[in-house]
Structure formats: C-alpha cells, structure tokens
Amino acid sequence: MSTAPRLTALDAVHRSLGATMTDFAGWDMPLRYASERDEHNAVRTKAGLFDLSHMGEITVTGPAAADFLNFALVGNIGSIGVGRARYTMIVAEDGGILDDLIVYRLGAAEAPEYMVVANASNAQVVLDALTARADTFDVEVRDDRDAYALLAVQGPESPGILKSLTDADLDGLKYYAGLPGTVAGVSALIARTGYTGEDGFELFVSPGDAEKLWGALMEAGTPVGMVPAGLSCRDTLRLEAGMPLYGHELTAELTPFDAGLGRVVKFEKTSQSETFVGRAALTAAAERAETAPPRKLVGLIAEGRRVPRAGFSVVADGKVIGEVTSGAPSPTLGKPIAMAYVDAEHAAPGTEGVGVDIRGTHEPYEVVALPFYKRQK
Amino acid sequence: MSNPQQLRYSKEHEWLSATEDGVATVGITEHAANALGDVVFAQLPEVGDTVTAGESCGELESTKSVSDLYAPVTGEVVAANQDVVDDPSLVNSAPFEGGWLFKVRISGEPDDLMSADEYTAFTAG
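Just so you know, the sequences run in chain order A and B. Per the UniProt record's numbering: the first sequence = residues 1 to 377. Per the UniProt record's numbering: the second sequence = residues 1 to 125.
These aren't lab readings, by the way, just hints derived from the structure by calculation. Please note: incorrect hints may appear among the correct ones.
Straight line, CA to CA, 30 Å or less: simulated DSSO-like cross-link-like pairs of lysine-lysine [stated by the list, open to error]:
#, chain 1, residue 1, chain 2, residue 2
1, A, 296, B, 64
2, A, 374, B, 103
3, B, 11, A, 46
4, A, 174, A, 163
5, A, 46, A, 266
With the hints as constraints, model all of the structure from the sequences given.
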C-alpha cells in the first residue's frame with residue numbers, strides 16, 4: 001500500500017491559493033491559507049469555506065438498516081426522522097469510544113438509507129466495525145469515502161451565500177438536518193451540522209463537482225467577506241465552541257460516560273432487540289458514573305499568556321488533578337483556553353487555585369463551564 | 001520569500017544583523033515565522049542575560065505549537081523588543097524589521113552562520 005498522502009478533489013485549488021498543507025490522517029490537507037487567526041475571525045463574523053473531503057462517508061442501505069445501526073451504534077438510530085441527522089458514537093465491546101459520528105437518515109421507510117460520517121482518522125476502523133457487525137442483518141454497508149467531496153460554509157453570512165446559489169428550502173433546514181438539493185448546478189446533500197459554533201452548511205458532492213462548487217461559493221461569498229479556511233482555525237473554532245475531538249477529548253480508553261457524553265447512549269431503542277455492541281460495559285459505566293463521578297470535562301481560561309497543550313497536567317495545591325486535552329490561544333477571547341478532564345471536586349466553575357503545568361511553571365487558570373463561545377441567535 | 005542579503009543566518013532560523021560597536025540584532029526569519037503560524041506569545045531573554053550560541057534563550061508560542069528561541073551567537077543581551085512582547089504578531093508581519101527580538105553584544109560566534117544565499121539553499125533543501 002502506498003504511503004503517499006491522499007489528495008482531495010480540491011488539491012489544485014489549495015495549491016493555487018498558496019495554502020500551507022499538512023498531513024492529517026493520511027490526507028494532505030490545507031492547514032491555513034494565510035493567517036489562521038484571520039480565518040478564525042472571518043468564520044465568527046462573516047464566513048469561511050472549508051474542504052472537509054477527508055471525512056469518511058459510509059452508506060448503509062437495506063430493509064434492516066435502522067435495526068442494524070441500533071445494534072452497531074450506541075444511539076437510537078431508529079428514531080431519526082427522514083432528512084434529520086444525529087450525533088452518536090460507536091464503541092468497542094468494552095465500551096471504549098471508537099469514534100464519534102454523525103448519522104444522516106436519507107431514505108424513507110420503503111427504501112431505508114443512512115449515511116454515517118466518521119472522522120478521517122477513524123474511517124477505516126468504523127468501516128471495518130460496521131462491516132463485521134452487519135453479519136446477521138439484511139443490510140449493505142458501502143464504503144463511500146471516494147464518492148464524496150465535502151465542502152463546508154460556516155459563519156453568519158453562510159445562509160445568504162448559499163441562498164444565492166440554491167433553490168433548496170434552507171429556512172426549513174434545521175440544525176442537525178440534511179436534504180438533497182442542487183447548489184450552483186451541482187447535486188448535493190445539503191446538511192446543517194456544523195462544528196465551529198456558527199451557523200453553516202456542509203455540502204456533500206461528487207468529487208468531480210468539487211472545484212466547480214468551490215468556485216461558485218467563492219464568487220458568491222467573497223463580496224461578503226468569506227475566505228478559504230483551513231484545519232488550524234477549524235480546531236480553534238471547535239475548541240471555543242467546546243466541541244470534543246476524537247483523539248483529544250474522546251479516546252478508546254474512555255466510555256461515553258467518562259467523557260461526560262453518556263446522554264448519547266440509549267439503552268432503549270426502537271428495535272425489537274435492545275442488544276447493542278458495548279451494552280453490558282456501558283451499563284456498568286453508567287452505574288460507575290453515578291456512584292463515583294469520573295473526571296469532568298471543563299473549560300480553562302488562562303490568566304497569563306502561555307498556552308496549555310494537550311497532555312499538560314492540571315494542578316491544584318501542587319497535586320495533579322487532571323489533564324489538558326486541547327489547548328490553544330483563543331482569537332475570540334484573546335486569551336489561551338483549554339479543555340481538560342479534572343477531578344470532580346475541582347470541576348465547578350470558579351474553583352480557586354487551579355493551574356496548568358506549562359513546562360514546569362504552574363500558570364493560573366480559571367475553571368469555566370463549556371462552551372467558551374456561544375453565538376448570538 | 002527573500003532573505004535580506006545583509007543579514008547572516010543560523011540553522012535554527014535566526015537572523016543576525018551586521019555588528020555595530022559589537023552589538024547585533026537578532027530575529028527569526030520569514031521562513032520560520034511562516035512555519036510557526038500566528039505567533040501569540042513571545043518570551044524573550046532579558047537585558048543583562050548572557051545567551052549562548054545554539055542554546056535556548058526564550059520561547060515563541062503560536063496557535064499550534066511552542067518553539068524554543070535559540071541564540072545564534074554568544075553574548076550579553078542589551079535590548080529586548082517590548083513591541084513584540086506586546087504584539088507578538090509583529091514576528092509574522094515584519095520578521096526582518098519591527099519583529100526583531102533582541103540585541104546582543106557578541107562575545108563569541110559559531111563558524112556555521114550562513115549567508116543569505118546559503119540560507120535560502122538550506123531552507124529549500
């Protein structure tokens with residue numbers, strides 16, 4: 001197998017824009033085009049255009065599709081309405097998180113169809129797990145990673161930009177929904193499931209249409225301040241929005257309950273069978289979380305200017321009380337911020353005396369509730 | 001990007017100005033600034049500190065990472081650029097000018113500092 005990084009359908013566009021590229025989960029992706037801070041601020045105040053073609057799409061069809069996904073994932077997939085989407089997870093038998101996912105229900109009851117979108121770094125693991133778990137179900141699990149390019153327009157100007165290019169009913173498209181439509185003459189699945197804390201849209205299209213759509217979006221968006229935006233600002237945007245990232249806040253060593261996301265686990269499902277992979281382990285994890293609260297995911301805001309990074313220790317009274325999972329300077333707050341798992345007794349917002357060990361110095365931090373940033377609606 | 005001809009360069013991507021009365025100005029190159037991304041925090045050596053060629057004398061923190069700042073020469077620090085401490089983005093916007101980092105009275109320098117052309121070749125490789 002070749003170890004050369006994979007290129008998205010927009011690779012030539014990124015290079016013509018002078019993007020700084022980076023290897024991400026085996027893909028050569030744009031990290032930033034110019035200043036990541038400018039890109040971040042554009043998404044918060046106007047709009048940004050992202051290439052997210054590295055995300056992993058897996059299509060599940062067949063009469064038993066809903067029952068199968070209820071078995072394979074922790075959520076209640078059978079209750080998703082047509083044209084809606086749901087945030088869910090796939091876990092191992094021991095309850096450890098294999099990935100967090102968005103599942104779109106595309107087909108109605110007579111032709112059940114779901115699209116499962118996995119993180120790039122986990123797409124193969126998810127595909128393998130779904131394929132293995134499909135054994136006894138009347139379903140087809142299809143690897144559609146090469147079938148889609150994925151563009152995202154995020155930011156307050158994004159509805160206006162998209163409305164100028166489509167007849168689709170965007171006002172009727174709620175957060176966490178997706179519908180097929182045509183954008184700039186290109187067939188697309190239009191979704192509203194953003195990861196930046198802003199309103200915005202994801203457009204799943206054929207790779208052959210990606211450049212045309214990018215061009216049309218730039219033409220419509222540039223006059224209102226939209227800029228191409230890379231993975232670097234995507235990370236600071238999602239961090240400000242308090243959204244977990246696999247490999248940081250979510251890992252195979254944590255169950256959804258340990259990650260504070262036990263609400264995504266549905267023990268009661270709309271299937272005849274309520275068995276699902278990881279059920280026994282998650283039942284135990286839920287009980288454990290009741291009796292002995294696990295470390296909690298909190299926000300930390302720096303009083304100084306040194307930036308906490310993933311893996312740094314959170315300290316209080318000279319003792320380690322937790323660990324930073326993501327940290328970065330926040331363009332919106334103008335201060336370094338972090339997400340961290342900390343012992344429950346230090347997790348309350350305003351807890352005094354909490355610091356982060358930054359290369360040997362204990363820098364003071366304020367404990368706050370997540371998210372750091374919430375858009376005005 | 002072009003590297004000013006009148007400067008000399010280290011393998012750690014610092015530039016060093018010509019010496020006047022034994023004092024030279026130090027900064028990081030545009031190549032290094034671009035690689036770092038937006039610099040958000042600069043910890044510079046303080047006036048009176050002795051820095052040693054090739055050894056860490058400060059930190060430059062960017063959105064994604066923190067990098068050590070190395071001294072290209074040995075000597076005593078005689079000035080640190082407070083403008084950069086106040087506005088670290090100067091390192092990105094004007095790495096060879098307003099984004100200079102510190103001035104040092106040179107007492108010793110390594111023999112592997114590069115000319116602009118050598119440094120351009122070094123970063124191209």
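Going through the hints against the structure:
For the proposed pair residue 296 of chain A and residue 64 of chain B, the alpha carbon gap of about 24 Å is at most 30 Å, so the pair holds. Taking the CA atoms of residue 374 of chain A and residue 103 of chain B, the gap is near 44 Å; set against the 30 Å cutoff, the hint is violated. Taken as a hint, the residue 11 of chain B and residue 46 of chain A pair is broken in the structure, with Cα atoms around 40 Å apart against an allowance of 30 Å. With a CA separation close to 15 Å, the supplied pair residue 174 of chain A and residue 163 of chain A stays within the 30 Å bound.
Only pairs whose Cα atoms come within 30 Å are accepted, and residue 46 of chain A paired with residue 266 of chain A is rejected, the gap being roughly 37 Å.
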